[in-house]
Structure formats: C-alpha cells, structure tokens
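The whole structure should be built from the sequences, with the hints applied where relevant.
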Amino acid sequence: MLGPSVPAPGGPHALDSLLVPPPALPHEPGRVREYTLTAIDKEIEVAQGVRFAAWTYNGTVPGPVIRATEDDVLRVTFVNGGSHPHTIHFHGIHPSNMDGVFEIVEPGDSFVYEFPARPYGMHLYHCHATPLKKHIHKGLYGSFIIDPPKPRKPAQELVMVMNGYDTDGDGENNFYTVNGLAFYYAKYPIRVKRSQTVRIYLANLTEFDLVNSLHLHGDFFRYYPTGSTGQFEYTDTVMQCQGQRGIIEIDFASTGLFMFHAHQSEFAELGWMGFFDVTD
Amino acid sequence: MASDSVAVGGSGDARWRLWALLPLLLLVGAVSLFAVAGGSLVGLIGRNAPQPDEFDIRRIEFKQGEIRIRVTNPQRDELTIGTVTVDDAVVPFTLDGPQTLGRLRSSTILIPFDWVEDEPISVGVTSSTGIQTTEAIPAAVETPSASPSSFLGYGIIGFLVGIVPIAVGLLWLPSLRRASPRWLSAFMALTAGLLTFLAVGALSEALQLQAALPSALGGAGLVLLGVAVSYLTLTFLSHRFSSDSRSSGAGLGGLALATLVAIGIGLHNLGEGLAIGSSFALGELALGTFLIVGFMIHNVTEGLGIAAPAAEAERVSKARLAVLTLVAGAPAILGAWIGGFVTSDVLGVVFFAAAAGAAAEVVVEVGRYIVRRTGERLSSPYVLGGFLAGVLVMYATGLFAG
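Residue numbers (the working numbering), protein chains in the order written: chain L, 1 to 280; chain P, 1001 to 1402.
Bear in mind the hints are in silico, worked out from the structure with no lab data behind them. In this text, a Cβ means the ideal position worked out from N, Cα and C, and glycines have one as well. There's no promise every hint is true.
[Unchecked claim] Going by beta-carbon spacing under 10 angstroms, a handful of chain L positions derived as facing chain P:
| no. | residue |
| --- | --- |
| 1 | SER5 |
| 2 | PRO23 |
| 3 | ALA53 |
| 4 | PHE183 |
| 5 | ASP251 |
| 6 | SER265 |
| 7 | GLY271 |
[Claimed, not checked] Using C-beta positions, here's what the derived DEER-type ranges look like:
| no. | chain 1 | residue 1 | chain 2 | residue 2 | range |
| --- | --- | --- | --- | --- | --- |
| 8 | P | THR1094 | L | VAL73 | 19 to 27 angstroms |
| 9 | L | LYS133 | P | ALA1020 | 53 to 61 angstroms |
| 10 | P | ASP1077 | L | ASP280 | 30 to 38 angstroms |
| 11 | L | SER195 | P | ALA1136 | 46 to 54 angstroms |
| 12 | P | ARG1076 | L | GLY11 | 31 to 39 angstroms |
| 13 | P | GLU1142 | L | CYS241 | 40 to 48 angstroms |
Structural data, given as structure tokens:
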C-alpha cells in the first residue's frame, strides 16, 4: 500500500507539527523555556473511518514536541481541561516534587512544572495518574528533546512516537501508528534529501504490547540509545520497550522510496508502516 | 320484555367491545408520551448504555483472489463500516452497498485477497466507533458458485443423506407387519425414542446457533417461536387426520401417524441438510465419504421410524411409500441447497427449532397411538425398552456422523 489509495486518516499536512520538531536553540544556561499543555478529551480519527475517544495534550496524540537545550529552565504550565485527574511525568533528571506523580491535577485545575533541562538526549513525557495503563493508552504522552550544549551537526530532523490504539477496550491494540495516524506515512511518504543526514527522535509509547520496533529498508543507520552519549549501534532495526527512546541518524546511500515499519509484521499491517521518499 | 333485555344486552356487548379498545388507546398514548419525554426519564436514571456496535457477519465467501463478507447491522442505531482486517491486518476493500447501515440493513464487503487454501483465517470488521467484530474460519476453501454442477452436487448429497436411507429403512415394513402387537409397540416406542433424540439434538443445535447471533435478533425467543409454530401446526394436522379417519370410525390411523412421523423427520432433515450444506460451503466440514456414510447409517433408523406406524395400516401402496420417503427425505436436498448457496445462521435457528417442535409433537402422537392401538401400556417393558433402544441406536449411529 502506497500513495493516495492508502486508507489513512488526515490531510497532507495533518502531522507536520508532530513530525518536525521546533529548532534547537544554542546553549544558554538559565534561559527559561515556557510551554503550556492542556489536557483535552477529544474524539480523533486514528485509522480511516475509525474514531477513538482519546485523552490528549493540546488535542493531538501524541502531544506536542517539547524541546529545550541542556541547562535551560523548563517551565511547563499544565491545565487540566479533561474530565479526569491527570499529571505530566517527564523523563529526565528533576526534583521529586516535579515528577508528576504526587501532584495530581484535578479537572479545571492547573500546575506549573519547573526544573532545569537535563541530561541531553531524547526523552518523553506522559500522564502518571492512575490507572496508569488507561491514562497512557488513551493518548496522554509526547516527546521531549533536550539538546546537548555542543549542538548536534545539522540534519533534517524528524520526531516519531510509536503507539497503539485499543479502540474496543479488550486490552489489545486494534491499530498501531507513528505519530498517531495509521498508515499516514504510507499515504504521504516523508520527503528527505539524500545529501543531508536524516535524524529521527524515536520513542515508544505503545501500551499492552511488550515492545515495538523500527526497521528501515534499503539502508543502515546509527542508533544512539536515549541519545545521551556518543555511543551508537550500526543497524537497520531497533527495538524499544515502552518508555525507551533514542536517536537514529540515516545517511541515505540512494534515492527512491524506502519503506520503514515495525518489524512486528502485525503492527506494520495494522498501521505502523510508511515510506521515505529520498531525492537528490 | 324478553326482546328488550336482549336489546339491552346487545348494546351492553357493544359497549364492552368498545371498552376493549381503551387499553390499546391508553397504550398508544403512553408510548407516544414516552417517545416525546423518554429522554428526560433516561436523564433521571442516569446515562443510557451505549450500543454494542457489533456487526452480524452473515456469510463469508472465498473466491479466486477475493474474500466477500456479508454484514448486517443488528442494532437500533446506525452502524458504519470503518476498517476491515484479514488475519489482523488492515486491508483495502470495496462495498456493494451502503457504508453506514441502518437497522437490519446489509452490505457485502469485497476484499481483494490472496488467501491460502485449507488454512485457518479470520476476518474482522471494525465500526467507526472502534468496535471490532471478528469471525474465524477453520479452513478457507473456495465457495462453490451456484453452477449447475454444484447444484447437482448439493442435490446428490441431500439425496444420499435424506432419501436413500429412509427408503432403505422402509424396507423393514414387511417384517414389521408380521411382528406381534407387543413387538410392534416396541418398535413404535423405538420411533418415539429416536424422534426424541432428534428433538433434543435439533433444539440444542438451534440454541447453539442463536447464542452466536447478535442479541438484537432475538435468540431464544426465535427458537421458542420456531418450536411452538411447528408443534402447534403438527397438532392441528394430527387432529385433522384423526377426525378424517374418525368419520370412517378409526381414530388416528397408522398411515396418518406415519405421515406425521415423516413430516417431523422431514423438518429435521431440512435442518440437517442446511447444516451439512453450509458447513461444506464455509469450509467447516471435510466432506468425506465417511461423513456421508455416517449420516446414511444414522438416517436409516429414521426410515424404520416411519415403517413402524405404517405397519399398522391395512394396506400401503408403493406410491404412498414413495410419498412418505419424499416427505421425510427430500427436505435434506432442499436444505443442502439453501445451506450451500444462501445460508444464514438465522435460517439455521428457525429450521432446527421447527424440527425440534415437530419431532416433539410426533413423539406425543406416537405415545397416544401406542396406548390406543396396540393395547400396550406405556410402562410395559416392550415400550420402555423400545424407547431406550431408539435413543441408543440414534446415539450410536450418530457417532458415525460426528
């Protein structure tokens, strides 16, 4: 399945803000980075013709990309506009009272999370209200990038959050996606240039299944687990459990259409599948 | 004065007849009131439970490079087809009907698919609300099209499992004629035993099938309706037969009873033919020689069941025997055709329920007949032994068809 005939929800630019992160800023210790996240109950179309009663941050699943540079002060105002108590739990290094575990935010209330951004790497955030399984699989999660003091080399930067949806409540996912819409990147392949490195910030927030994975066709890439050190693995397939994440860097050798998908065939055929359209 | 009181009584009757309309009018009023204001009642109690949003998958056909799924909306609210999966993979599909189905409306989903012969496969239809209805098929086999040859094939299957064994069983007739009244009562009881076995089997089949139907289709009530209609129809028929023969001074004659038995068995064979035909068409049954032979052995005893009451009649023409054979056996052919080409589980429920009701009614008639005509009491060892033998024979031969 490739191109316009693919059954995928959303228009050609529906996922732009989730796929392309805001730009990295230079290292400037003490600078305040402000974000506002609002929990919203929203029904979204997750696969063609199938709607899911999601709990979202700012109306999308996954939530918006939060980005800071190491040593920035991150100030995230959380407004609970949903119908259940929620929190935001960030991965990273921060004080216990900013952990999103004890400060349960009731509907209509708000809370300000403030802490220095560290360590650099690819992180994530998600609701930590109980029952945890319900609050995560309903859609309350997103990616959280902390850039290193010494900027990474320029690249075409992309964010991919792997997830699943249990639309009929039987404890098993009916659909799998990257960035929230089944088969989206099969309908609209991601356009990249061969001349420039492609950097993917990849995270797994799939509930119910033990692992998820990404496999790239026709090429290899460097995979930096968590992206907080310079260590990498040279491969074409990576596996992540829920909460694991990392950074992928691809230098495409050829132009053309290259598929990428979960190497759990079932996930791929239930929506977690797409293409890169590599051009010169 | 007398004529006055009659007139008063008459107008009183009319008044009370009119009065009989009052409850109906009140009901109409209450229903419309509820239809207008019912929403606020729901508001008082709490929220209405959501609809299950499950499809009724009526039929799955496998054609060269294609799977066809017939789905029906069994619930009150509209139901929209969202995505379709085969073996847990989303597949492209087209529809030959509407995508949003009103109550009891159907569409056929056409999926281009390279399915694997003889292997299990499952299909799923997900509603726009995310509820997935799945159906597993034990083995995918090409669904025969309604060609003359497949028509003939299903016809032959019905002929083999319906008509042949009954005709064979009827050959016991001359021997039964020479049996003593006691032994004849034993064979009549055997007929009752095997019919009871058929009734229980058909009822269990009907209940099993209805359990798999969406609840909105009325499951157990549908079974009761089928049982009641067929039971009462046969009661009516048997009274007709007996009053006919009573005018010639005889009560329900042996031949009339044989006809009733044949009708009961015929209804059962309709269900059996349907089950065999649809199982074969849907790849649930390996149609081997062994299975056909099993059903033949099983059904020979049905022929014996018709022969026993017929043995009581003074003379039975060959034409009459042929008619009895057709009444009891030919429905298997019809059933096989229906099952092979258009089956639905709803029809299965109705057929098996009707078979259960008919068989039960005939058991009652046979019991009456034994008491009235053979002079044996129902507690005689011949009758008891015969009944048990009937059940046992059906059980034992049923193992062949299992």
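Hint check:
no. : hint                                       : in the structure
1   : SER5                                       : 7 angstroms, holds
2   : PRO23                                      : 35 angstroms, violated
3   : ALA53                                      : 8 angstroms, holds
4   : PHE183                                     : 7 angstroms, holds
5   : ASP251                                     : 32 angstroms, violated
6   : SER265                                     : 8 angstroms, holds
7   : GLY271                                     : 6 angstroms, holds
8   : THR1094(P) - VAL73(L): 19 to 27 angstroms  : 56 angstroms, violated
9   : LYS133(L) - ALA1020(P): 53 to 61 angstroms : 60 angstroms, holds
10  : ASP1077(P) - ASP280(L): 30 to 38 angstroms : 53 angstroms, violated
11  : SER195(L) - ALA1136(P): 46 to 54 angstroms : 50 angstroms, holds
12  : ARG1076(P) - GLY11(L): 31 to 39 angstroms  : 34 angstroms, holds
13  : GLU1142(P) - CYS241(L): 40 to 48 angstroms : 43 angstroms, holds
Hint violations for this structure: numbers 2, 5, 8 and 10, all remaining hints satisfied.
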